[in-house]
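Here the structure of chain A is known, so what remains is to put chain B in place on it, guided by the hints.
Number of protein chains: 2
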Amino acid sequence: MGKVTIDMSMSLDGFVTGPNDGPGQELGEGGMQLHEWIFGLAGWRKRHGLEGGETGPNDDIVEEAFTDVGAVVMGRRMFELGEEPWGDDPPFHAPVFVVTHRAREPLEREGGTTFTFVTDGVESALDQAKKAAGDKNVSIAGGAETAQQLVGAGLVDEIQFHVAPLLLGGGKRLFEELGTQVQLETTRVIDSPGVTHLRFRVVK
Amino acid sequence: MGKVTIDMSMSLDGFVTGPNDGPGQELGEGGMQLHEWIFGLAGWRKRHGLEGGETGPNDDIVEEAFTDVGAVVMGRRMFELGEEPWGDDPPFHAPVFVVTHRAREPLEREGGTTFTFVTDGVESALDQAKKAAGDKNVSIAGGAETAQQLVGAGLVDEIQFHVAPLLLGGGKRLFEELGTQVQLETTRVIDSPGVTHLRFRVVK
Chain A
1 MGKVTIDMSM
11 SLDGFVTGPN
21 DGPGQELGEG
31 GMQLHEWIFG
41 LAGWRKRHGL
51 EGGETGPNDD
61 IVEEAFTDVG
71 AVVMGRRMFE
81 LGEEPWGDDP
91 PFHAPVFVVT
101 HRAREPLERE
111 GGTTFTFVTD
121 GVESALDQAK
131 KAAGDKNVSI
141 AGGAETAQQL
151 VGAGLVDEIQ
161 FHVAPLLLGG
171 GKRLFEELGT
181 QVQLETTRVI
191 DSPGVTHLRF
201 RVVK
Chain B
205 MGKVTIDMSM
215 SLDGFVTGPN
225 DGPGQELGEG
235 GMQLHEWIFG
245 LAGWRKRHGL
255 EGGETGPNDD
265 IVEEAFTDVG
275 AVVMGRRMFE
285 LGEEPWGDDP
295 PFHAPVFVVT
305 HRAREPLERE
315 GGTTFTFVTD
325 GVESALDQAK
335 KAAGDKNVSI
345 AGGAETAQQL
355 VGAGLVDEIQ
365 FHVAPLLLGG
375 GKRLFEELGT
385 QVQLETTRVI
395 DSPGVTHLRF
405 RVVK
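Heads up: the protein sequence lines correspond to chains A and B, in order. At position 156 of the first sequence the residue is numbered 156 (our numbering), and the sequence of numbers has no breaks. At position 71 of the second sequence the residue is numbered 275 (our numbering), and the sequence of numbers has no breaks.
The hints are simulated quantities; they were obtained by calculation from the structure and are not laboratory data. Keep in mind the model is a prediction, meaning the values are calculated, not measured. From the three backbone atoms N, C-alpha and C, an ideal C-beta is built for every residue, glycine too. Incorrect hints may appear among the rest.
[Claimed, not checked] Not the full set, but computed from the structure, chain B residues with beta-carbon under 8 Å of chain A:
| no. | residue |
| --- | --- |
| 1 | Ser328 |
| 2 | Gln332 |
| 3 | Leu371 |
| 4 | Leu402 |
Bound conformation, chain A alone (with noise of 0.2 Å):
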C-alpha cells in the first residue's frame, strides 16, 4: 500500500502561488519563481516532452516522485486553470481523480493522464486514487483547500516543501488557516541551490 503524499514548492513565507492567479496567470504574480528550480531538470522535461537538461540531486527528487506516484487527487479550479496550459500530453502520466460538484464523463489524454469527476466529496476521491495506485503513492496536487481538508482529516502520511529562496508577500498558501495542530517527524533535508528540500512524515 502506497502512502498519501504533498509535495509542493512554496516561497519561505509559504505561499504555493503569488498574488492575483487567474486565467493566463495560472501561478500569480512572481509565482513562477517557485518553480524555476525545475524547468531546467532532465527529469521534468522528459515529462513535457523535451529531451535533455540537468541532472542531480534536485532532478533525482523530481524522478523520485514521478516514479512513486500511481495516481493523483486535485480541486476542481487547479483543474481548470490548468486544463488548457496542460495541453493534450498532461504532465501527470497517471489517473487524475478532480474534485468537484459538477458530473462530467472522464477526460482521457495522451501519455496515459485520465481525469476522472468526482462529485461526492475529496475522501470519496481519495479512496478512488488509492485504489487506482495500487502499490504507488497518491499525490494530492492541490489546490489549498482539497490538501488542508486532506490533511486536517488525517489522510496525509507525507508532506514534501521545495522552499523557494523568496518571500512573495501574498498569494495562497497551503496552508492557510489549518485549524489544527499536526505533529511531523523530518524525515530529509536536501540543500540544492536554488531550492531546499524539506521532507516530513505526519505523525499519527
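The following block gives chain B in isolation, referenced to the frame of chain A:
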C-alpha cells in the same frame, strides 16, 4: 558595521506563535513547541542563569546568535507580554529598543539588558540600535508587525528560521502579508533532530 538580522523559530505552516496568545500564554496555544529545540541547550540555559545543558550543532547556532548580537529591536506588544516573564535578568544581555507610542524612561535590568522606548518609529529604533551595536549585529526580535515593516522597507540583511516539524494551524505569522516580493539567497541549511535551521541573505 554589523548586519540587521531576524532569527526566529516557526512552524512549517509559518506561525511564530500559536492561536490565542496573551498574558499567561505568551506564545499562544501550542506555541511553546516551536522553541522546544532550544530549552535543553547549554547556551540558552547559560543566558537564563542555568547550568549544564546540551552542546552540539544546535547549541553552536544559539551561541553564535548571542555572540553576534549587539542590540535588539522589538515591538511594544512583545515587550509588554515579555516584561514580567523575563524578570529581573532578561535573556537579551544587550540594549533593547522598543517601538512604542508611549514615552517612558529607559529601564535598566541586570545582566546588561536595558530597554529604551522609542516613540518616533521603527526606523528610528533601528538607527539607535545600530549605533548601540557598533560592529555587532542588530537582531529584530519581533513581533511580526515590526519585522514585516523592516523587511518591507529593505532594512533587513539576513533572515534565519528555525523550522519546527509541526503545523500549528493558526496564530501569528512573521510574514502574514508582506505585500512586496523579496529575493533571498540561501546561505546555510543545518538539519538537526527536531529542528531545521534555514538562513538567507536578503538580495537588495
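Cross-check of the supplied hints:
1. Ser328: For serine 328/B, the interface hint is violated, since the closest Cβ of chain A sits about 24 Å away, which is over 8 Å.
2. Gln332: violated, 26 Å
3. Leu371: holds, 4 Å
4. Leu402: The hint holds - leucine 402/B has a Cβ within 8 Å of chain A, the shortest such distance being about 6 Å.
Hints 1 and 2 from the list above are not met by this structure, while the remaining hints are.
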